[in-house]
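Undergrad: Generate coordinates for the entire structure from the input sequences, incorporating the hints supplied.
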Amino acid sequence: QEKSSRLTAALFGEDCEINHDQLYELLKYAALGKCHNATQPSWCRIYHQSHLAGVVVIVLQETSQLHFYKFYLQFKHLRKVFRHRFTLTTSANFLASLYGEGANLKPQNTAQGLTSTSSECVPKSSKLQCDPILRKYGEKKRGLTSYTLTLEEQKKNDYPIKGSPGCKGYIYTECDQQRTDSSPLFGLDCEMCLTAKGNEVTRVSLVDAQGQCLLNELVKPESTVVNYRTRFSGITKKMLLPVKTRLPDIQTRLKKMLPHDAVLVGHSLNADLQALEMIHPSVIDTSLLFARNEGRRFKLKFLAKAVLGKEIQCEQKLGHDPAEDARAALELAQFFIEQGPAKVAELNLEMLLMTEKLAEVSQNKAALQPRRCRVQKQLNEPPHLSKPCFLDCLQTTGQKPLLLGRQELDSSGLCQSNLSTSNKQILQRALEDVPLSTFSIIQFSLGPEYVASHLLAGLCEKVRSKLTDMLTIYAGPFEESFCLKSVKKEFGRCGPIQSLTVVTETYQPYVCIQYEVLEAAQLAVESLNGAEVAGSCIKVQRPVTAAMLDCDVLIKELELDVENEGVIYVAGLKKSLTEADLQEEFSQLKDLETLFLPKGLQSGKHRNCCFLKFQKSQSAVDALEVINGWTVKGSKLRSRNALASGHLWRWIWQMNHSNEKQGGNILCEKMEEVSDSEQDLRKKVKKLDHHIKKLYRSLQDNTLCVVLFPGVNSMHGSQSGLGLMGIKDDGGRSAC
Numbered sequence: 001q002e003k004s005s006r007l008t009a010a011l012f013g014e015d016c017e018i019n020h021d022q023l024y025e026l027l028k029y030a031a032l033g034k035c036h037n038a039t040q041p042s043w044c045r046i047y048h049q050s051h052l053a054g055v056v057v058i059v060l061q062e063t064s065q066l067h068f069y070k071f072y073l074q075f076k077h078l079r080k081v082f083r084h085r086f087t088l089t090t091s092a093n094f095l096a097s098l099y100g101e102g103a104n105l106k107p108q109n110t111a112q113g114l115t116s117t118s119s120e121c122v123p124k125s126s127k128l129q130c131d132p133i134l135r136k137y138g139e140k141k142r143g144l145t146s147y148t149l150t151l152e153e154q155k156k157n158d159y160p161i162k163g164s165p166g167c168k169g170y171i172y173t174e175c176d177q178q179r180t181d182s183s184p185l186f187g188l189d190c191e192m193c194l195t196a197k198g199n200e201v202t203r204v205s206l207v208d209a210q211g212q213c214l215l216n217e218l219v220k221p222e223s224t225v226v227n228y229r230t231r232f233s234g235i236t237k238k239m240l241l242p243v244k245t246r247l248p249d250i251q252t253r254l255k256k257m258l259p260h261d262a263v264l265v266g267h268s269l270n271a272d273l274q275a276l277e278m279i280h281p282s283v284i285d286t287s288l289l290f291a292r293n294e295g296r297r298f299k300l301k302f303l304a305k306a307v308l309g310k311e312i313q314c315e316q317k318l319g320h321d322p323a324e325d326a327r328a329a330l331e332l333a334q335f336f337i338e339q340g341p342a343k344v345a346e347l348n349l350e351m352l353l354m355t356e357k358l359a360e361v362s363q364n365k366a367a368l369q370p371r372r373c374r375v376q377k378q379l380n381e382p383p384h385l386s387k388p389c390f391l392d393c394l395q396t397t398g399q400k401p402l403l404l405g406r407q408e409l410d411s412s413g414l415c416q417s418n419l420s421t422s423n424k425q426i427l428q429r430a431l432e433d434v435p436l437s438t439f440s441i442i443q444f445s446l447g448p449e450y451v452a453s454h455l456l457a458g459l460c461e462k463v464r465s466k467l468t469d470m471l472t473i474y475a476g477p478f479e480e481s482f483c484l485k486s487v488k489k490e491f492g493r494c495g496p497i498q499s500l501t502v503v504t505e506t507y508q509p510y511v512c513i514q515y516e517v518l519e520a521a522q523l524a525v526e527s528l529n530g531a532e533v534a535g536s537c538i539k540v541q542r543p544v545t546a547a548m549l550d551c552d553v554l555i556k557e558l559e560l561d562v563e564n565e566g567v568i569y570v571a572g573l574k575k576s577l578t579e580a581d582l583q584e585e586f587s588q589l590k591d592l593e594t595l596f597l598p599k600g601l602q603s604g605k606h607r608n609c610c611f612l613k614f615q616k617s618q619s620a621v622d623a624l625e626v627i628n629g630w631t632v633k634g635s636k637l638r639s640r641n642a643l644a645s646g647h648l649w650r651w652i653w654q655m656n657h658s659n660e661k662q663g664g665n666i667l668c669e670k671m672e673e674v675s676d677s678e679q680d681l682r683k684k685v686k687k688l689d690h691h692i693k694k695l696y697r698s699l700q701d702n703t704l705c706v707v708l709f710p711g712v713n714s715m716h717g718s719q720s721g722l723g724l725m726g727i728k729d730d731g732g733r734s735a736c
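Read in our numbering, the sequence shown has 532 at position 532, and its numbers run on one by one without any break.
Calculated from the structure, these hints are not laboratory results. Among the hints, erroneous ones may be present.
[Claimed, not checked] In silico DSS-like cross-links for lysine-lysine, where the CA-CA straight-line distance does not exceed 25 Å:
(1) K244 to K605
(2) K244 to K466
(3) K539 to K488
(4) K633 to K485
(5) K256 to K168
(6) K575 to K636
TA: Okay, here's the thing in structure tokens:
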């Protein structure tokens, strides 16, 4: 039976902002697969990539996340088909960032060494034959057992050995089963701090052969910490204060998780095993696998960039991410095993390292030189280590990429403008040509008349105003001497409150409450309207404005949105509860997949609410019945179906907290023009959604389809983009 491709992505809560490098990562793997040196993306996973019928990227030019939610009801097809959505960071040149830094369809031997699939690109000179990798392993491909360290190699490189005097009290994994070339690989990495005892583990990560994180846990050291090494470990004193997990707990868990024929992979893995005080008989050490002369070793950061094309251990982050490092080491080992020593030697890593160092030196010198001296220096600088373009790779493998829209590919592969093309013409061409191509980019446009900066500013202001109204409720009337504290406490049980003010313009006082999340406002309307609060029977309602007349319809559609399927909102949590506490409390709920605890984007403090995602929709329905009225640590919970559980909650928060002020007079003058054009724009969006529906239905089953609102940069600021993706199944809906 033909296997279906499947897509999974952890795009829930905070893990839903994707940049163009990560998007590139997905498209490259989907188009090329492992056999052409591409690797699984770090933020999502494609199963059975080889069964994909093709990749289709639909780009809605000059649009952003703002457009999708302003015309949410009009994008009927998009919101009902695509379960996976993500916020897309804006880019100055979207197509360039998508294709890489040079789409000149000639095979290039770039820093990552991944664009060329022909062994003829790097001739096997006598110098290459002397490569330490070829001297150590030969040229032929071998199975993974050929690359595990021998007992002598382990002793030489300070690995903990069973029966060794220095390993007294160490825990043996008891993984004694004979290894074969199909034995499972597991990536392992630890972060350590310096204590009175020496190096002690503070964080442990374990990933499986598919890159799934099986373990990522903080560990409290036994001895007094002398140096947290925060710059490298990312660990702080505050992080370890609530941690109760100790080293024996981790040892027990690892021992249970590893099958008897497991092979551990890591970079200088001896240090990790020593800190874990564990002994494992079968390991692959990537610092030794990618051999160098004179016993030197490549850094993991360099290998990840040069071999995998991935940036890890970025300076912007505080400390290393052990899960990221474990996954990088694992993928490096997989690359080496699958490609073989000869292909790895062709990457010429020593030369790449030298080029990178020279580039850094030149960059540092240039920064210190007067501006007029830099032009002359540029002539002597080494070439820039650019990201490979997968369009080049497609050409070398005989696949012809298709680009339709305002820009098309000419015979040389360069983009040509075709401004007269209408969306209808683009659709007709796409219906004819997409089946003939394995990788297609289709560009639709709303038209230049709808992307003027003042119109964008007007739309932004309208969306912000409507969101504010949807987050706001009015409650009352109350007695003159009512207790405001009681009101705040009762309404606070529905979710985090942004502001609360007393309305005194009325005969009796009312309260205006603005929440931080949509679910909280809706829960207040549903559960407190007609209730007795602070001694008064009150009415709870949203503001009545022209823009809010379709509020009930919008709420209903958000509830039915495929992204919110199987997700519920829970409020009334005490802020003292940690994520671990909640995991324990909700562990009895059937089919619970993920718990997301929102945090303030500025304060970093978590709110008194959370989202629960279930594997099955019915399990979410059952959980609602159980949770409503449930008491956790003395706090009574309230819950309802989610409205904005994915990327949307963050965008709402940013829109609602935006301090960006438009020029008042200018905006007022232009709002009428916005209103006049909005009706036409609404019709155009509806037609565009119909075009996408028609194109999507024409795609073969097992086609990966990605729809992009690339984001907009204007004089009024930038608007982030939005991505929707899925693999079409035989029911016409995107498979997950």
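Undergrad: Check each numbered hint against the structure and report the violated ones by number, ascending.
TA: 2
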